[in-house]
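Assemble the whole structure, with the sequences as input and the hints as a guide.
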Amino acid sequence: MIALLPGWRARRRLLAALYVGVAAIFILAPLAVVMIVAFTSASFVSFPPPGYSLRWLAKVMGDAAFMRPLLNSVLLGLAAAAVAAVLAVPAAVAIGRRSVRWSAELEAFLLAPLSLPALIMALALLFFLARFGLATSGWGLLIGHVVITLPYVLRTVLAVQRGLDASLVEAAHVLGATPARAFLSVTLPLLRPGIVAGSLFAFLISFDELAVALLLSSATTATLPVAILNHVAHNYDPAVAAISLVKIVLVIVVLLTLERLYGLDRLMLSRVRRA
Amino acid sequence: MRVRSPLVIGAILASALAVAVPAGAQEKIVVTSSGGVWLESAKQNFASCFKERTGQEPEIQTTASNEIMAKLRASPGKPPIHVAVLSEIDAIRAGREGLLDKLDFQKVPNLKDVPEVFRKQWDNFATIQNFGAMIVMVNGDVVKDPPKDWKTLIDQVEGGKYGKRVSFPSLTMPWGPMFTWFLTTLYDGSEDVVFQKYKAMLPNMAKYWVSPVEALNMFAAKEIDVLVYWDGRAYAFAGENPWAKAYIPEPGAFQSAAMLAKPKGAPELAWQYMDCVLSPKAQLGHSQMVKYPIVNSKVVYPDELKKILTPLEKVRQPDFAKIIERVPAWLDRWNREIR
Amino acid sequence: MSSAAGRRLGALLAVPAVAFLAAFFVGPLLLALAESLGLTRGATGTGHYARIFGDTYYLEVMRDTVLLAAGVTGAALVVGYPYALILARARGAAKAALLFLLVAPLLVTVVVRTFGWMIVFGRRGLVNAALGALGLPALDILNSWTAIAVALVHVLLPFMVLSIASTLESLDPAFEEAAATLGAPPWRQFLHVVAPLSRDGAVAGSILVFALAIGSFVTVMVMGDNRTMVLPLLVYQQLTVASDWPFAAALGMVLLAIVLAVFWLQARIARRAAA
Numbered sequence: 005m006i007a008l009l010p011g012w013r014a015r016r017r018l019l020a021a022l023y024v025g026v027a028a029i030f031i032l033a034p035l036a037v038v039m040i041v042a043f044t045s046a047s048f049v050s051f052p053p054p055g056y057s058l059r060w061l062a063k064v065m066g067d068a069a070f071m072r073p074l075l076n077s078v079l080l081g082l083a084a085a086a087v088a089a090v091l092a093v094p095a096a097v098a099i100g101r102r103s104v105r106w107s108a109e110l111e112a113f114l115l116a117p118l119s120l121p122a123l124i125m126a127l128a129l130l131f132f133l134a135r136f137g138l139a140t141s142g143w144g145l146l147i148g149h150v151v152i153t154l155p156y157v158l159r160t161v162l163a164v165q166r167g168l169d170a171s172l173v174e175a176a177h178v179l180g181a182t183p184a185r186a187f188l189s190v191t192l193p194l195l196r197p198g199i200v201a202g203s204l205f206a207f208l209i210s211f212d213e214l215a216v217a218l219l220l221s222s223a224t225t226a227t228l229p230v231a232i233l234n235h236v237a238h239n240y241d242p243a244v245a246a247i248s249l250v251k252i253v254l255v256i257v258v259l260l261t262l263e264r265l266y267g268l269d270r271l272m273l274s275r276v277r278r279a
Numbered sequence: 002m003r004v005r006s007p008l009v010i011g012a013i014l015a016s017a018l019a020v021a022v023p024a025g026a027q028e029k030i031v032v033t034s035s036g037g038v039w040l041e042s043a044k045q046n047f048a049s050c051f052k053e054r055t056g057q058e059p060e061i062q063t064t065a066s067n068e069i070m071a072k073l074r075a076s077p078g079k080p081p082i083h084v085a086v087l088s089e090i091d092a093i094r095a096g097r098e099g100l101l102d103k104l105d106f107q108k109v110p111n112l113k114d115v116p117e118v119f120r121k122q123w124d125n126f127a128t129i130q131n132f133g134a135m136i137v138m139v140n141g142d143v144v145k146d147p148p149k150d151w152k153t154l155i156d157q158v159e160g161g162k163y164g165k166r167v168s169f170p171s172l173t174m175p176w177g178p179m180f181t182w183f184l185t186t187l188y189d190g191s192e193d194v195v196f197q198k199y200k201a202m203l204p205n206m207a208k209y210w211v212s213p214v215e216a217l218n219m220f221a222a223k224e225i226d227v228l229v230y231w232d233g234r235a236y237a238f239a240g241e242n243p244w245a246k247a248y249i250p251e252p253g254a255f256q257s258a259a260m261l262a263k264p265k266g267a268p269e270l271a272w273q274y275m276d277c278v279l280s281p282k283a284q285l286g287h288s289q290m291v292k293y294p295i296v297n298s299k300v301v302y303p304d305e306l307k308k309i310l311t312p313l314e315k316v317r318q319p320d321f322a323k324i325i326e327r328v329p330a331w332l333d334r335w336n337r338e339i340r
Numbered sequence: 504m505s506s507a508a509g510r511r512l513g514a515l516l517a518v519p520a521v522a523f524l525a526a527f528f529v530g531p532l533l534l535a536l537a538e539s540l541g542l543t544r545g546a547t548g549t550g551h552y553a554r555i556f557g558d559t560y561y562l563e564v565m566r567d568t569v570l571l572a573a574g575v576t577g578a579a580l581v582v583g584y585p586y587a588l589i590l591a592r593a594r595g596a597a598k599a600a601l602l603f604l605l606v607a608p609l610l611v612t613v614v615v616r617t618f619g620w621m622i623v624f625g626r627r628g629l630v631n632a633a634l635g636a637l638g639l640p641a642l643d644i645l646n647s648w649t650a651i652a653v654a655l656v657h658v659l660l661p662f663m664v665l666s667i668a669s670t671l672e673s674l675d676p677a678f679e680e681a682a683a684t685l686g687a688p689p690w691r692q693f694l695h696v697v698a699p700l701s702r703d704g705a706v707a708g709s710i711l712v713f714a715l716a717i718g719s720f721v722t723v724m725v726m727g728d729n730r731t732m733v734l735p736l737l738v739y740q741q742l743t744v745a746s747d748w749p750f751a752a753a754l755g756m757v758l759l760a761i762v763l764a765v766f767w768l769q770a771r772i773a774r775r776a777a778a
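Taken in sequence, the protein lines are chains D, A and V.
First residue of the first sequence: 5, per our numbering; consecutive thereafter.
First residue of the second sequence: 2, per our numbering; consecutive thereafter.
First residue of the third sequence: 504, per our numbering; consecutive thereafter.
Among these hints, one or two may not hold up.
[Claimed, not checked] Within a straight-line C-alpha distance of at most 30 Å, the following computed BS3-like cross-link-like pairs (lysine-lysine) qualify: (1) A:Lys299 <-> A:Lys52; (2) A:Lys52 <-> D:Lys63; (3) A:Lys145 <-> A:Lys165; (4) D:Lys63 <-> A:Lys246; (5) A:Lys282 <-> D:Lys63; (6) A:Lys308 <-> A:Lys152; (7) A:Lys282 <-> A:Lys52; (8) A:Lys152 <-> A:Lys246; (9) A:Lys165 <-> A:Lys246; (10) D:Lys63 <-> A:Lys29; (11) A:Lys44 <-> D:Lys63; (12) A:Lys223 <-> A:Lys198; (13) D:Lys63 <-> A:Lys223.
Bear in mind the hints are in silico, worked out from the structure with no lab data behind them.
All figures in this text were calculated on a predicted structure; none of them were measured in a lab.
Put into structure tokens, the structure is as follows:
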């Protein structure tokens with residue numbers, strides 16, 4: 005029986021490698037086209053490009069019309085993810101424990117922003133916030149993105165919470181930890197994979213969000229998706245392919261830095277069970 | 002370590018929050034523009050003139066007509082935008098809804114050189130700043146002898162002469178209703194005939210395009226050989242790609258335009274910016290950059306520009322009041338029948 | 504004492520999130536609802552709703568909208584589950600690479616991503632060139648429901664995979680090894696150890712993907728054709744072409760109701776399965 009194990013494991017590895025290979029082709033094929041177009045020397049998008057150059061990369065990286073929105077989007081994404089996590093994680097803990105009455109109803113309510121179409125949400129939020137003079141202040145943009153991203157953090161944290169052993173938290177209580185201490189030193193580390201995944205979702209959603217950003221941003225707070233939409237509406241050049249490449253490189257750098265500094269495993273894993 | 006790393010992350014996020022939400026609104030005058038070369042033209046031609054005259058920099062926001070309308074409607078009398086560039090239909094709607102100030106000929110002296118036809122339909126609530134037309138672009142390697150007029154083109158598409166390698170604008174894109182109106186003028190004003198034609202062409206339509214990018218995407222990827230598209234951008238594309246040929250079929254094309262307007266409640270300085278936009282120097286500079294015709298009659302186009310600009314006598318201005326009234330019914334009919 | 508204190512603390516934990524959404528989600532939502540009923544224009548009426556439900560056209564669009572979202576969710580679950588298993592087990596640089604691969608599609612703006620698909624799946628695209636070389640008939644799937652679904656799965660996959668992976672992260676490989684050592688065949692290990700643990704992750708991922716798919720219209724617009732109509736695209740048309748905000752709001756409310764109904768159904772099934 006034991007002797008069979010290595011063979012089985014090798015087969016599983018081979019299968020996994022094969023699967024990842026096919027998935028990588030599916031995921032990367034359309035993106036590779038865009039990456040190649042980003043290096044075109046022509047003024048128009050075409051494939052394969054007639055020649056190669058760095059002119060579009062140089063153009064977008066030196067163009068405040070793209071770089072300021074890129075910075076805005078990064079900051080807004082971080083801020084929205086942070087606020088959404090601060091609001092959603094405690095709520096998920098409350099719901100997941102089922103110690104709260106109406107936990108099912110609470111969950112439904114907190115997930116409800118997922119079900120309202122973004123266009124309607126954006127327009128209604130614009131009219132709503134305009135009454136308080138918040139519509140173009142930058143706060144409106146953050147509020148809108150927190151409303152949209154909160155359910156993502158909530159749902160992923162909840163998923164992890166439900167799979168967890170409640171007895172660990174109970175044990176902390178029994179051992180005399182105050183609720184706050186138990187929350188900080190037991191519950192939070194256990195929920196880490198859910199918090200990381202949820203915050204990542206929140207960032208990605210905010211980073212790519214268009215409807216709310218279109219209506220609630222101003223000239224100074226315009227985000228990258230807004231800049232890109234307004235660029236492609238009346239221009240047809242490879243700048244948008246180049247800016248996509250810039251984003252991809254940015255994310256690779258961030259991932260590598262996180263891996264070096266913290267180790268992605270540690271960031272994404274539950275802390276407690278390793279201790 | 003357990004305590005420190007969340008603290009560090011928290012500090013980073015908190016500072017991101019502080020930077021992401023700038024404090025206090027700026028007192029600058031806010032004007033709008035499309036992106037890319039339009040934004041560059043607005044900076045170079047309009048904003049520089051404004052700065053020369055007032056010493057101030059305008060804040061240029063790249064945004065589209067729909068979004069401007071939503072923002073004006075949400076804060077009537079306290080507009081977050083002070084000079085708006087709107088679509089023709091939105092400019093009429095905004096005028097009717099009381100969201101705009103009537104053009105002030107005293108404060109915008111250059112208006113006297115703008116022919117009345119460019120503002121009449123808007124009841125002087127807005128003026129055209131530049132216009133264009135929707136024409137035909139073909140892959141010259143495949144379509145050697147493109148039809149000279151619209152009706153022949155439509156019949157040939159219907160008959161399958163180009164296979165499923167044609168793209169016309171959809172009624173559901175922002176200028177689709179105007180194109181539909183233009184087609185009705187070719188068929189004695191009959192909507193029914195136009196919808197029959199739309200339906201008859203459907204099997205040979207790679208797609209009725211909805212976004213301008215997807216249209217050029219298809220053409221550039223050589224998924225299609227015949228494309229109905231904006232003149233300025235078609236000529237620019239054909240200039241770069243010798244295989245592409247752009248031309249105006251008979252009897253011309255419909256006029257589409259960018260409308261300039263001052264929202265009600267915007268500061269007086271907005272007039273100064275509008276006067277800059279309409280000044281002969283800025284108008285010529287704008288036309289040279291975006292490759293579209295402009296409206297100040299004092300401007301004399303240089304020859305190389307004259308060759309590619311659709312002349313005024315070739316374009317017909319749509320009857321916008323009628324179109325606004327028909328849009329809901331057309332949209333409904335399009336969704337149900339053309340599928 | 505500990506349980507009563509825990510319950511009180513539990514309730515308090517949810518307060519900030521509930522308060523935030525009560526202000527910034529319910530407010531705009533009520534505004535949109537009022538608009539759809541004509542309340543802001545001095546008239547009250549359910550005319551828009553009667554128009555939607557009294558017309559087979561709109562009912563067909565609703566059906567197609569739900570089918571598309573359900574299909575995309577199912578496909579993302581099937582494609583994403585193995586990916587999540589591999590991702591959760593990967594360590595170090597491999598994990599970073601898999602994570603990057605997953606989020607890459609989200610970094611490439613939809614309009615240029617579409618150009619990529621056109622080059623891959625176009626009538627003269629890469630896939631057809633490959634098929635032609637093998638002597639197989641060409642595919643014509645651009646601008647169809649298939650194309651829309653493929654493009655949506657491509658970009659929504661991270662939401663499924665990371666939701667599942669985050670619940671698998673807390674799975675101790677020692678469990679599986681123990682099971683294997685004890686002679687349990689791989690499928691039994693999976694069924695009794697892995698599947699139960701990841702069930703809530705799969706539910707969370709499905710909820711997120713379903714909500715994202717049912718609300719998407721840009722992808723439907725650029726990857727589809729005249730036959731592929733969904734509710735959010737109707738909302739977009741009403742807002743951009745017809746400028747009919749009340750009818751758009753009514754369509755939005757219908758979409759909201761559909762998604763909430765699906766969530767409710769899911770919760771019921773989950774509760775029954777748990778019982």
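Worksheet item: Are there hints from earlier that the structure breaks, and if so, what are their numbers?
Response: Structure breaks no hint.
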